[in-house]
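Visitor: Here's the letter readout for the chains.
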Amino acid sequence: MWIKKVHIVGFGQFNQQTFDFVQGLQVVQGLNEAGKTTLHQFLFDMIFGFPQAKGRKINTYEPLDKGPYGGSMQFEVDHQLYELERLGRTQTVTTLTAVGSGQQFADPEAMLTKLLGPVDRELYLAIFSFDQEALMNIFSLKPDDFAAYLRTLATPGAQNWLEVANRWDKTATAKFGSTKTAHRELNQALANLQMQRQQLQNNLRQQPSLDKLQAEAQHLTQRVASLEQRQAQLQGQMNHQQAQVHLLPVYRRWQQIKQQVKATGKPLDLTAADKADRVRQQLTALDDVMVTTAVTKQQVESATVALRQLEKLENQQKNLAEQQVKAVQAQTALLEKYHWTQVPPLLTDQQKSQLGGQKETGQQSTKNSWLIIAIIISSLIIIGALLISHVAIGILLALISLLLGWWGSRQQKTNVVANTQQDLPAAYQQMATADIFAAQTDIQRINDMMLSNNQIIHDQQAMMSELVKMRAALNWLGEGLTVDEYRKRLADIHIKQETMGQQQLQRANLQQTLQELYQKLGVKDVAMLQQRRDAQRHINDLQREANMLEEQLKGADLHELAAQAAIATDDKPAMTDQQTILQRIQDEKNQLNQKLAEINVQLQNLQTDNTIEHQQQVVANQVAVVNQQLTQYFVDRLGSEWIKQALNAAIADRLPNLLAQAGTFLRLLTDNHYQTIQQTKTLLKVVRNDGKILGVNQLSKGTAEQLYVALRLAFVKNVTATLQLPLLIDDAFVDFDEQRRQTMLTLLADLASSEQQIFYFTAQKTQGKHVLTLTHQQ
Amino acid sequence: MKFIHAGDLHLGNPFGGLSMTSDWLTDQLQAATETAVHRLVDDAITAAVDFVVLAGDLFDTTTPDARAQLDLVRELERLATANIPVYVGFGNHDYVLDWQRVPTFPKNVTLFPKDVTTYHVQTKNHESVAISGFSYTQRHITTDQVAEFPIKSTQDDWHIGIYHGSMGEVGSGNYAPFNLQAMQQKHYDYWALGHIHVRETLQKKPFIGYSGSIQGLDKTETGAKGYYMVESEGNELVPTFTPVAPITWVTAEVRTERDLSTVVQYVRGQFAMKDEFELISLNLITEDPNVLSAIVNQQLLAQFVAAAQTTDMFFIYEIQAQTQEQHLPLPAVDERYWSETIGDVFTREQLQKMGLKQVTDVDVLDHFLNAQTLQALQEAVKTQLHLSQIGDEYHVD
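For the protein sequence lines, the chains are A and B, in the order given.
First residue of the first sequence: 1, per the working numbering; consecutive thereafter.
First residue of the second sequence: 1, per the working numbering; consecutive thereafter.
If you're looking for bench data, these hints aren't it; they were derived computationally from the structure.
Check each hint, because a few of them may be wrong.
[What the hints assert, rightly or not] Straight-line Cα separation of at most 25 Å, DSS-like style, residue types lysine-lysine; simulated pairs:
1) K312/A with K297/A
2) K554/A with K262/A
3) K357/B with K644/A
4) K2/B with K204/B
5) K205/B with K170/A
6) K353/B with K644/A
7) K258/A with K520/A
8) K382/B with K644/A
9) K212/A with K107/B
10) K212/A with K357/B
11) K4/A with K554/A
12) K353/B with K170/A
13) K124/B with K2/B
14) K186/B with K205/B
15) K186/B with K204/B
16) K170/A with K204/B
[As the list claims (entries may be wrong)] Listed below are several chain B residues computed to face chain A (Cβ distance under 8 Å; list not exhaustive):
17) T26
18) L365
19) H367
[To be verified] Which bits of chain B does chain A cover? Going by a derived footprint, with three or more residues having C-beta under 8 Å, they are:
20) 57-69
21) 98-110
22) 267-281
23) 373-383
In this text, all values refer to a predicted model and were calculated from it rather than measured experimentally.
Glycine included, every Cβ here is placed at the ideal spot set by N, Cα and C.
Assemble the whole structure, with the sequences as input and the hints as a guide.
Guide: Next comes the structure, spelled out in structure tokens:
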């Protein structure tokens, strides 16, 4: 930049005044109060604008005549001429016009900034504009500051990038404060993250531990299982007991029956019993058909004997009767023959002798006729009685008639005896004696016959008793029966007896079998058997009941039942105890189950509850948010840092150059008294010609100022290529001795060029081509 | 002989790196790993595999969320019902501090103890299979565990090693560093490896390799995730990858010159047809300064999140701006100054100095102390520089 001309409308002591300046070194000299500083300030303010604040400490160079404030300036940048006008201090009207094109810039300040490059007021003050006072800064100057200035000034566009860097830094720091309490976006995000993590941790801590839950669930399940087992056991016991209680009567009954059954001993052998009954029935049946006869064999035998006797007797009797009949017939025949009514007795020897013995027989015969008749009658009676079956009566009548007959015959004898004594029997009287005698043989025969008859009768009578006896003996067979009948009866009886015998044998056999069976069955008789049968039936019933009971008792512990049956029936308290225990178990189980259910619910909840995961995701997201924000932050910060470092790197090699240049200048200015400038991180050092290294504060004031000037000039020289800002030096070298001041001026003259305009304001007279002298008059 | 080799389920681990999500997506994310495991179990049952091996990191932490544990237990119970044994070795994430605290697994599950142990199982075809493995009982195992594995016995038809760890020199790794040669010397038919989330085959025959994670849980785990269905072919065990992850992380590139008012709709249209749900890291190639600005300032992402619908089969979780001119020179000073200083700028120390030291959150620290993050930051800074360079005038903030 070449400031060609300024026109001051009103600024400090200047009023409507125009100054022209040369390119290169422009010396402005004048005595004190001539306006050197005012012009210096005007130039500066034209470039950077008038000071806005009005305070005691700031000289605003109000025009002394209170006239209009400001002025204009023509300058050339890159061979372009611009005209800048600033009028008014507070509300300055600034216009910037490209003289060549006449274009007036809408935003003169922006355009100015562009034209000035990265140099702002402060930087300009730091480098390009200095006075003696500014040189004192050397004592606080740090190499880094130079680096910073260098970075700013030495690289075209660097300022832009530095601005970018600064903006990024600003953006970044706006997001992330370096203090923990900063309420910036990132701090907030980090705090949120921490909070969310804390929450997550809390929730995790509050979350029931799975393994514990599972372990507890397992434990509870086991406990429940064992309780259930115990319960089942108890329940089983109780059921058992209940069943026992229930079964107890059954058992008792069963036992009772069993005892009863046992007491009955051997069970009735039903086959035997049936057989016995069958046998007994056979016996009974046999009894029904039993031929019973009271007749004994003896009886029969005696009867047989008697019958034989009877038969014999009867035959005899028959014979006798026939003889009698014959005798009677012979008598009759004799009677008829002799017309006798009756057979005269045999003649006694006397009569015989009387008659010749004829009469005796007669007498005899008459004597016996009564008896014969009686016998006949009695026989007839007996026969009749026999015929009419009134044997006894018959026999009685017969006896009576016989008795009558016997008594009659006795009477007759006596008569006969009496007759014979008197006379011959009547029957003889009509008869010839011969006849009488002849008849005597007949009579004798008849008498004999009669006699024999009598014998027969006698025999018969004798036999009769026998017969009666016999008949009596046979009476049991029937009274007054014929022999045949008797024989038949007897035969019947005999058959009967035979049958009876057989039957009795059979019966005896059966009886024996029965007895044997009875014996076997242990009974005495049918009644007892029946009793036994009934008993057995009862037992069978009992047995059946027992079987049924046994069926009920099946599976039951009989020993236990027996034991229980043995003790009293007050099972109830035990039962209640068990019930209590059971209840307790049930209660505990319920409790455990409830706990288990709770745990399961918890587990279920855990299984479905994704709040933790949700929260984890939230945290992860927050991490991402933080990362993203922090990334942006770091991008800004790192970008900024990188820009700065890259720029630093770019100027890094310039600093040594700068220091070398400054060293050269210093050597020049100090007339080789000081050789080079060195730097540490924080300090600048100079090497004296004796090789001693001195710190800035070890230098004399003049030398220190010279060092500063050397640095500034070196700097200016260094950045000349890129920045062409005029250098404004205001009486800076007052502490320099004359020689050094001359050297300084030479140096400035050397430095100044078509590229670099240098204003040197001085109160001292200065030799040179372009010297502008300010006077009060001007 | 058929079995499933899976690992790195990381149940209970949230999806990382999603700064903006919707509730419906959160639900979907939470169900994702479970769904993947469920599918694995479905497949195991359908294929009637002889057994399942899980090579560690079933859970993301030693103290996983109860629901995650119960879910795994439930799935393993399904395998139990199908009479499929499961062999589990715990990894560095779910290492067993206290065996008492391990959830109650069903009876079909065999957990490998701390020391290398061999179990035998009979396949349905009456082959004898030896399975050797171990579990982590501490976060780090610095020794090579392969040495503890027995050499394959002639009595076994097959021998399978389960190993959670990574290749490396002893002393240099924390995850049971092993070398391939040692594994080879065991003459196993299959080494089922876990720990590395990216599917990786270290040796083809006999197979030594990682099945990878079953469900990608952050942007580094892109692509299909699942398990290996391993089947015998002759005297070899051949793994076939089977994807089961219901959510896939992908990187997509969309080139468009649409303006801010239509770009969201347009890009969404590009992803309309998806079979499985995708989490998309979008590289948007555009020159539209407004769009670029909206990307840089996260506004576009917010628009995408707002436009997301429950029926979507994708979710755009981050957007990188990409200008068509990929290799813009860095501004102001010579390239060499940028590259000279890059190493000094992008350092952990720098991050710490700039404020990371204030950060106490482990995950955040982990993220930023990761070399990849530094790399990503570097890229992001470059992009930002470029954006500044080309669009000084549209800086919004």
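Visitor: Are the hints correct? Go through all of them and say.
Guide: Each hint, compared with the structure:
1. K312/A with K297/A: Holds, at roughly 21 Å.
2. K554/A with K262/A: Roughly 20 Å between the alpha carbons, so the hint for K554/A and K262/A holds.
3. K357/B with K644/A: With Cα atoms ~22 Å apart, K357/B and K644/A stay inside 25 Å; holds.
4. K2/B with K204/B: 18 Å, holds
5. K205/B with K170/A: 59 Å, violated
6. K353/B with K644/A: 16 Å, holds
7. K258/A with K520/A: OK: K258/A and K520/A at ~23 Å, within 25 Å.
8. K382/B with K644/A: Holds, at roughly 14 Å.
9. K212/A with K107/B: The given pair, whose Cα atoms are some 19 Å apart, holds under the 25 Å limit.
10. K212/A with K357/B: 39 Å, violated
11. K4/A with K554/A: 138 Å, violated
12. K353/B with K170/A: Status holds; Cα separation ~16 Å.
13. K124/B with K2/B: 9 Å, holds
14. K186/B with K205/B: 13 Å, holds
15. K186/B with K204/B: Holds - the C-alpha atoms of K204/B and K186/B are around 15 Å apart, at most 25 Å.
16. K170/A with K204/B: Between K170/A and K204/B the Cα gap is close to 55 Å, so the pair fails against 25 Å, i.e. violated.
17. T26: Since chain A brings a Cβ to about 5 Å from T26/B, closer than 8 Å, the hint holds.
18. L365: 10 Å, violated
19. H367: 5 Å, holds
20. 57-69: holds (count 6)
21. 98-110: holds (count 5)
22. 267-281: violated (count 0)
23. 373-383: Our answer is that it holds, as 6 residues pass the Cβ test (under 8 Å) against chain A, meeting three.
In summary, the structure is inconsistent with hints 5, 10, 11, 16, 18, 22 from the numbered list given earlier, while agreeing with the others.
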